[in-house]
Amino acid sequence: GESVGLHLPTLSVQEGDNSIINCAYSNSASDYFIWYKQESGKGPQFIIDIRSNMDKRQGQRVTVLLNKTVKHLSLQIAATQPGDSAVYFCAERDDYKLSFGAGTTVTVRA
Amino acid sequence: DTEVTQTPKHLVMGMTNKKSLKCEQHMGHRAMYWYKQKAKKPPELMFVYSYEKLSINESVPSRFSPECPNSSLLNLHLHALQPEDSALYLCASSQMGSGSSGELFFGEGSRLTVL
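Protein chains in written order, with our numbering: chain A, 638 to 747; chain B, 17 to 131.
These are calculated hints, taken from the structure and not from any lab test. No residue lacks a Cβ here, since even glycine has one placed at the ideal position from N, Cα and C. Be careful, since some hints might not be right.
Unchecked claim - Not everything, but these chain B residues come out facing chain A in the computed CB check (under 10 Å): (1) Tyr51; (2) Pro58; (3) Glu60; (4) Leu61; (5) Ala108; (6) Ser110.
Taking the hints into account, I'd like the entire structure generated from these sequences.
Structure follows, in C-alpha cells:
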C-alpha cells in the first residue's frame with residue numbers, strides 16, 4: 638500500500654538553531670499533509686497542515702514546505718527550544734483516512 | 017472545551033477477559049477514530065466512524081469491536097486479546113466537510129497490557 642515516510646529517525650539540534658524535518662510521501666491522491674508532534678506519554682498534537690495545492694505555509698515558528706514534483710514534505714522549526722523535543726510525524730489525508738509516517742525523534746541540546 | 021478524553025489511562029487484562037476502552041469528545045465533531053500505536057512506531061488506523069456509522073475498518077481482527085453510541089462517545093470492546101495486542105490505543109475526533117483539513121484531535125491514549 639501507499640505510505641508516508643520520514644528520512645531520518647533521529648535529529649539532534651542545538652537550542653536556538655533551526656530544525657528541518659523531512660518526509661517523503663507516495664500517495665498523489667492525498668488532499669492534505671499534516672505535521673504532528675508527540676511528546677512522551679501523550680497523544681499526537683497537531684502542528685500545521687498544508688493543502689495539496691499549496692507549496693508553503695507558515696505558522697508560529699514553523700513552516701511547512703510541499704514539493705509535489707518529488708513528493709517531499711518538510712517541517713522547519715525556527716529557534717528550536719527545549720520544549721520542541723518530541724517525536725514528529727508527517728501524515729497524509731486521503732478522504733477521512735489519515736496515515737502517519739515513521740516519525741523523527743528530535744532532541745534539543747542545551 | 018477542546019479535549020478528547022480517554023478512559024482508562026492504563027489497563028491490564030488477561031487473554032480471557034472482556035474489557036472496554038472509552039472515548040468522549042464535546043467539540044461537536046462527527047468523525048471519530050481509533051488508532052493503535054506500538055512503542056516507537058507511528059499510530060496505525062483501526063476504525064473510523066462518521067455520523068455514528070462505521071465507515072472504515074482497516075481489517076482489524078474481530079476481537080476488537082468498536083461501538084459509537086452517540087456523536088460524543090466511542091467505545092472499543094476487547095475480548096480474547098493476545099499479548100501482541102499490547103499497545104497504546106488512541107482515540108481521535110475531527111470535523112467533517114469539504115475545505116477542512118480534518119485536523120484530528122487526539123486523546124492521551126489508553127495503554128493496554130495483555131498478559
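Each hint, compared with the structure:
1. With its C-beta approaching chain A no nearer than about 8 Å, Tyr51(B) sits inside the 10 Å limit, and its interface hint holds.
2. Here the hint on Pro58(B) is kept, as its CB sits about 4 Å from the closest CB of chain A, short of 10 Å.
3. The beta carbon of Glu60(B) is positioned within 10 Å of a beta carbon in chain A (closest approach about 8 Å), and the interface hint is therefore held.
4. Annotation: Leu61(B) was flagged as interfacial toward chain A, and the flag holds, the nearest CB pair being 6 Å apart, inside 10 Å.
5. Because the closest C-beta pair between Ala108(B) and chain A is about 8 Å apart, less than 10 Å, the hint holds.
6. At its closest, the beta carbon of Ser110(B) sits 8 Å from a beta carbon of chain A; the interface hint therefore holds under the 10 Å criterion.
In this structure, every one of the numbered hints holds.
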